[in-house]
Amino acid sequence: MFRPMRERAASATLAFSFDGQPLTGRAGDTVAAALLANGIVACRETPVSGSPRAPYCLMGVCFECLVVIDGVGNRQGCLVPLAEGMRIETQHGRRQFGEDAA
Amino acid sequence: MVVIGGGVVGGAIALGLARSGASVAILDEGDDAFRASRGNFALVWVQSKGFGMPEYAIWSRRSADDWNGLAGILKAESGIDVAHSQPGGFMLCLSDDELQTRVDGMRRLHNQETMTNFTYEVLDHAETKRRLPAIGKDVVGALYSPHDGHVNSLKLFRALREACVRRGVAYRPNSAVETIEPREGGFSIRGAWGEIRTGRVVLCAGLGNARLAPMVGLDAPVKPSKGQVIVTEKTEPFLHNPMVTVRQTDEGGVMIGDSQEDRGFDTIVRQPILSVMAERAVRMFPRLAGLNVVRTWSALRVMSPDGFPIYDQSLSHPGAFVVTCHSGVTLAANHVLTLAPAILAGTLPDAVASFSARRFHVPAHA
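Going line by line, the protein sequences match chains A and B.
Quick note: the first sequence uses the working numbering, first residue 1, plus one each step.
Quick note: the second sequence uses the working numbering, first residue 1, plus one each step.
One should not assume that every hint holds.
With the C-beta cut set under 10 Å, the calculated list includes, among others, these residues of chain A facing chain B [to be verified]: (1) Ser51; (2) Gly73; (3) Val80; (4) Gln96.
Label-pair distances were calculated between CB atoms; the ranges are [stated by the list, open to error]: (5) B:Arg280 x A:Gly39: 44 to 52 Å; (6) A:Gly60 x B:Lys137: 32 to 40 Å; (7) B:Arg280 x A:Gln96: 45 to 53 Å; (8) B:Ala134 x A:Glu84: 34 to 42 Å; (9) A:Pro22 x B:Gln271: 37 to 45 Å; (10) B:Val269 x A:Ser49: 27 to 35 Å; (11) B:Glu261 x A:Gln96: 32 to 40 Å.
In short, the hints are calculated from the structure, not lab data.
In this text, a Cβ means the ideal position worked out from N, Cα and C, and glycines have one as well.
The following block holds chain A by itself, in its conformation from the complex:
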């Protein structure tokens, strides 16, 4: 559905996982962009209705791209740069209190 508008010549390839599935992305992309580039559009289920949601505004405003990153819930995928070895998971509903309270 999404593809890069132009290939970055020197960008490194990073390995990460989404819900346990091994994937690759480009260094310099955000988590949300890497998910979209891999064809993953449902990254969370809302706490209110449980319906699936995808990254939307990609600029930190809409909070549709929430995911669990390395065990920390409700992170905005569009504001976090992808890093080697990241463990990304679907955000199911609301973040649980205590599981990762910073």
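Dock chain B against chain A, hints included.
Chain B alone, transformed into the frame defined by chain A:
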């Protein structure tokens, strides 16, 4: 009839008028309006209100009591559940001085004649903890009133609009009013959008009432009072009751609010005030420290010189009314069920006689 202003106050008056059989048009501004209805804290609040004017305490209490009925009406007429509940509200205090000041204030309030049947309790830390297990050690005590509640005010805003439309009210956005001219026993209302003629007009334009009221012989000297609000990510339900400064919404987000600043029409969100609000909220409920803040905003309360509502019919131009207050959510039930039918009948009820702006023109005596 024409209602000027399409916020929670205008929507409530328009719905009440339409339910009583009136043919109603709402003239509203656009998305750039200062709109308290979009930014408020959504309390249906009674405790601590009415010092200096017990009629306001009684009026607020009456609306809180009628709110269950209003929620049912809104559900039936709009299909929207506005998530109203009245579990009782707390004012948490973080020092002995603060608690003593609050207790003294309540005593003065309740020493006023006619303030009977208003229940409240003063709680120490242990009793507050028993009722609200999530409080922190810094909470020295609380005031509690069973009359307080809250709603989802964005759903209220939408439900009023939807119910109005279903009742045949003509909602006209982007219709800022420039002039109201008394003409041939009625009123000619004009703006860049054109003209509308009406026999009766109700000013529900919030801060805009200050400019509009004198055009029809009314007075509404309201000024902005800035409030800033923080909302966190949605989290598991842990707080059923509203605090005056902290509440968890029906959808799980935690709102932190109730700052008050006199800064004119400035709606910029500023860190220093937000920091104090957040710090106090975390001392009240330590678990909030682990939550992400997803949004902050500010809005302008519509504040009269004494803080109480202004309800008037023009003496020089009967048929022109003004309805303005800073507690459009709390008073929504009164506005729909009591005030609007009285406006349609042509006479404001005795219960609101004290709220005439004529109170601002009594010469001060030594």
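Quick rundown of the hints versus the structure:
no., hint, in the structure
1, Ser51, "14 Å, violated"
2, Gly73, "9 Å, holds"
3, Val80, "13 Å, violated"
4, Gln96, "7 Å, holds"
5, B:Arg280 x A:Gly39: 44 to 52 Å, "46 Å, holds"
6, A:Gly60 x B:Lys137: 32 to 40 Å, "35 Å, holds"
7, B:Arg280 x A:Gln96: 45 to 53 Å, "25 Å, violated"
8, B:Ala134 x A:Glu84: 34 to 42 Å, "39 Å, holds"
9, A:Pro22 x B:Gln271: 37 to 45 Å, "42 Å, holds"
10, B:Val269 x A:Ser49: 27 to 35 Å, "29 Å, holds"
11, B:Glu261 x A:Gln96: 32 to 40 Å, "36 Å, holds"
When held up to the earlier numbered hints, the structure conflicts with 1, 3 and 7 and fits the remainder.
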